[in-house]
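Got two chains here, separate frames each, mind docking them using the hints?
Protein chains in written order, with the numbering used here: chain A, 1 to 208; chain B, 1 to 430.
Honestly, the hints are just simulated from the structure, not real lab data.
Do not rely on the hints blindly, as some may be mistaken.
Stated by the list, open to error - Derived list of chain B stretches under chain A, where covered just means 3 residues or more per stretch with a C-beta under 8 Å from a C-beta of chain A: (1) 155-164; (2) 261-270.
What the hints assert, rightly or not - 30 Å max Cα-Cα, derived BS3-like pairs, lysine-lysine: (3) B/Lys387 - A/Lys78; (4) A/Lys73 - B/Lys216; (5) A/Lys208 - A/Lys181; (6) B/Lys216 - B/Lys232; (7) B/Lys387 - B/Lys227; (8) B/Lys216 - B/Lys227.
Cβ atoms here follow ideal geometry from the backbone N, Cα and C, with glycine treated the same way.
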Amino acid sequence: MLKTCCRSFTARLICLRSLRLLLLPVCVICLIPVAQAEGVRSAAMLSHTCAGCHGTDGASAGEAMPTIAGMDKGYLVKVLEDYKQDLRPSTIMGRIMRGYSDQEIAAIASFFAERPWVSTERPIDGELAYQGELIHQERCESCHADGGRGQDIRSPRLAGQWGPYIQYALETCRARGESCKKRQGAERVMVLEDAEIQALAHYYESQK
Amino acid sequence: MNPSRRRFLGSLGRAAAGSAAVGLLGAPAILRAETPKARVVVVGGGYGGAIAAKYLKMADPALRVTLIERNPVYVSCPLSNEVLSGEREMESLTFDYRGLSRRGIAVMGDEIVEIDPEKRLVRGKGGAVYNYDKLILSPGISFDFSTIDGMSTELADSTFPHAWKAGPQTLLLRRQLEAMPDGGVCAIVAPPNPFRCPPGPYERAAQIALYLSHHKPKSKVMIYDAKDAFSKQGLFQAAWKEHYGDMIEWIPAAAGGNIEAIDPNSMTLVGAVEDFQADVINLIPPQRAAELAVNNGLVDASGWCPVNQQTFESTLHPDIYIIGDAALAGAMPKSGYSANSQGKVCAMAVAAAINGQPAPVPSYVNTCYSILAPDHGISVAGVYELKGGEIVSVPGAGGLSAADADAHTRAIEVQFAIGWYRNITADMFT
Ligand SMILES: Cc1cc2nc3c(=O)[nH]c(=O)nc-3n(C[C@H](O)[C@H](O)[C@H](O)COP(=O)(O)OP(=O)(O)OC[C@H]3O[C@@H](n4cnc5c(N)ncnc54)[C@H](O)[C@@H]3O)c2cc1C
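The following block holds chain B by itself, in its conformation from the complex (with noise of 0.2 Å):
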């Protein structure tokens, strides 16, 4: 046993005889400044990891908290369709550590790739060692390139962009969409439930027609989905045609929108029924929890982490929490404002097993905005409660925003989207 968890093992043991307090005030002020009362490590600092290591720090400063990220600064997903419609720049997307580091996180640019729950470590890619006595990941998704034919991570780097992560894969669908031919065909292939951002897809198409309607007004965007139906469906279709016509045409499942193939030569996309070609292809394939969690043992069937819904405590290892995409949680969508509000559920349950409190009784919300043309935005709001140990929805309250909202109305949602962005990456990296 290494030192420092022989320690954590000693101030635990006081907490559990119930006189913590005597046992650290009892200790010379020089021990007291010197010992964690206990390490925790996040890793993967997006949207759900970056709020659980601040709310960590927030409700007991007294733990050392790291956090592991592996790319110097964060990309956000959210308001990246924009960066597709010309609308907004990748600069307003990204944000670095410094806000955390400056609240006592000890920031550490890595990447993890190994994870040993008996010894209580993980491994980085150059072989750090960070031990932990509680460990948070919220490492987002990975892609499943094998249900369709031919596709490969390469040619999502290369040719066929998910963009589903933003960065590099963003720039290159704009710098295609911005070489594409007037009357030229832009495909958007949507995923199987359950994935990254249920309305994403749809914003996307909305922001692309933007784009095109002023730039190559003969075009159309495709969406060939893996489903039939889809989050915000009606206020969607009616935006599409309210502002670009016919533009935008959904061909769903049972139409034959289901994509089973591939062919880069010939741009084409091989359906159940028929084949269709295109000249940008965004190729958004199924999903399942980030490598981390599938390599090292935390995933279940479904290929997502199995939690307990009150603490974000993996069922498969204990001391091993996860948030965010990666996890199932119940009746919440895969969002960020899902991740930041999972993260702070999960940091106020770690901090009381770590001080021998019951687990607190936890709330979730998820509020998601889409933004469909300049002047016209739309949401969905969530409230969550835990029943019977499941995240399920407060009945009665969230929905959509109202299907004959007036004109200032849809106005307004697109303030409060940019609104919602300002602060939540405030309340991530500040």
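Next up, chain A with everything else stripped away, as it sits in the complex (with noise of 0.2 Å):
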């Protein structure tokens, strides 16, 4: 843990400015070097390694992997970040994210937001669709505005996602109740059934 956090350029001003007090010999560790990469690694270098789950450049191949190529700069460091310290539960990505520094994760964005949004191109049932849409209208059009095509830094981009990951994302979210609410519009996923779940995720997966 004291070692992430002196990855991160605060983290390690906020030492410095203690040890300079001698306050706390916790913060010598955090000179002690830590394992950073020797020298610069590129925005590509870095985010080629992520393609391996998330498909070249963040355009996913299916069906459980997000797309994140397109997305908002802002909302994909906000979640790379979060993950990196445990804010945001994840399977995999903490364990992940831990591995760079707050620099690399905003070139990491970056990167990945100026990669051009690819959505899904699978048949498409209307009748669940239709069921997603009213849902969506009725409970999450005023974030996920625009049919889930809007996005900033709190709402990514959800139309033309693919709808199994939307849904394992919904399920986690309401699985997990209490360390999901903090997040916005988590009380409104808290309460939907199955059904519903399947019927917006498939609707998202339907808008391109």
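In structure tokens:
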């Protein structure tokens, strides 16, 4: 945890300052060199390693893996930082993001924000999508505007995203209860039935 | 010196003079189109080679990239253990090279038998010659049967499949399991370190048990191991127990699990302490780099290829790069994800070298999923960096799935395993 904190620039500044005041012996640990890449790693170098799970240039080939290309940069930074700091529960992303400095996370976020969004191309069940649209209009459109096409630092693009991924994400949030509640819109997710989640996920995938 | 080689030196000379852009812009359009900046030959179209070829083209479309692969299609080892349980068909593991051809990569069907580092060429089985300025090899592994008395390549093909290169042996092992009587014993002989896919034998035990528990519930899966510990061990052992009770039993080397000989007639494995009989024997032999690397002076005493871990250039021959299972890559395990990650680092290093730029600072990742039951997946992740010339794990990052994860998490990790497979194979072949 300490090592992780010291990889961040601000944390290091704080450590340095407190060292000057000779406040805490802990901060001496901060100055022991932590593993840090020898030199600056390019955004492409860092980001290409993500393609093994998220697809070439962040356009996912399916189904549980989200497309991350073309997402809002601020949103990506926030999510990746939250993984790193264990503020956002995950199966694997936390373990991975702890390997990167804040500057590297910003570089990765920029790289993917600049790639083109690619919507899925699967056949759509019109009836299921329609049921999803009703739920969306009633409970989600206020943030996930324009049928989930809109995005900003707090709301990711959902239109054209893989339905199964959205479904797992919603189910996971609902299953985690309290630990997910802090997230915007989470209290609306908590009350969704299985069938509603399925319809909603399918609706978003249907919107290109 | 052949004419294209001279052309290459010409463009390098310009780059060295610091006026590459001027030189190329000044050339007539036709010449620009016809003269490749440099020729990169990639041998082996698997997890490492397909990626190196594609990302070279992405890094610098002006390169002439040739991918040489001996098989017309590639069969993925990842997820091939699911063929043994009957959860998956071989078709879903099989890929062709049309996607890479569409990207402007010349895909040649040939088996390379000789590398001439002096003349900078490789020779195919039928005598075809391919010239290169930079050569990238991702040829995978070969097997060393010499430590197990009585074992041979022929026996692996006919009777004791390793199924450690997905293909006919995977199907042979599946047929043997189907023919095994209820109450029979399937033995897996697990190899010493280092070897391809450290969690692989233990995932396989679970997939075989999945099949047996449905169809032959009185049977056993015995793992005879040359080691005393293995990857994700605690997670594996807990999952074996949870899903298959006492069906899977692991005998470490310290308990006599090291197998020294095999007797095909009596279906007996000869251990250091006692002998073991089995109805089906999946013998996964000790491993080393592929024949191509061994036969061409690219391995050291360990049997693997020493490389500069920043660029993957061989420390034994300049301008030859080795990635994937065949390479000695510091702390990285021999996995498909590692090969993918190394292929990208190597492609960027080769493109930089050709363009007269310094080798980029590398970044590497590994993620390996194992599917232990239809709703039980686990994973190991690693984030790596270069330190003092060695690939090392970034402290504090990576690690295993939580030991106390709930059923929902375990089930989602199976979906992520399948999603990983979709994406990494799309990264290779589209
Ligand atoms: C059962 C099993 C399960 C696995 N599961 C996973 C997993 O879940 N995740 C994971 O990350 N990894 C997994 N792996 C490991 C993964 O398969 C390897 O690490 C990966 O294939 C290594 O890539 P490579 O490019 O080095 O070799 P390969 O993928 O084997 O590619 C080598 C290619 O080179 C070709 N070739 C070799 N010599 C020549 C020659 N002389 N001329 C022309 N062509 C040649 C071969 O035909 C082959 O196509 C698993 C392995 C096994 C056995």
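Taking the hints in turn, this is what the structure says about them:
1. Using a Cβ-Cβ cut-off of 8 Å, 0 residues of the segment 155-164 of chain B lie near chain A, which falls short of the minimum of three, so the contact claim is violated.
2. Interface restraint, the segment 261-270 of chain B with chain A: violated (0 residues with C-beta to C-beta distance below 8 Å; minimum three).
3. Distance restraint check for B/Lys387 and A/Lys78: the Cα-Cα separation of roughly 29 Å lies within the 30 Å cut-off, and the hinted pair is therefore satisfied.
4. Among the hinted pairs, A/Lys73 with B/Lys216 is inconsistent with the structure: their alpha-carbon atoms are about 53 Å apart, more than 30 Å.
5. Between A/Lys208 and A/Lys181 the alpha-carbon distance is near 29 Å, which keeps this suggested pair within the 30 Å criterion.
6. Taking the CA atoms of B/Lys216 and B/Lys232, the gap is near 27 Å; set against the 30 Å cutoff, the hint holds.
7. Taking the CA atoms of B/Lys387 and B/Lys227, the gap is about 29 Å. The hint holds against a cut of 30 Å.
8. A C-alpha spacing of about 29 Å is found between B/Lys216 and B/Lys227, which places the hinted pair at or below 30 Å, so the restraint holds.
Going down the numbered hints, you'll see the structure goes against 1, 2, 4, while the others check out.
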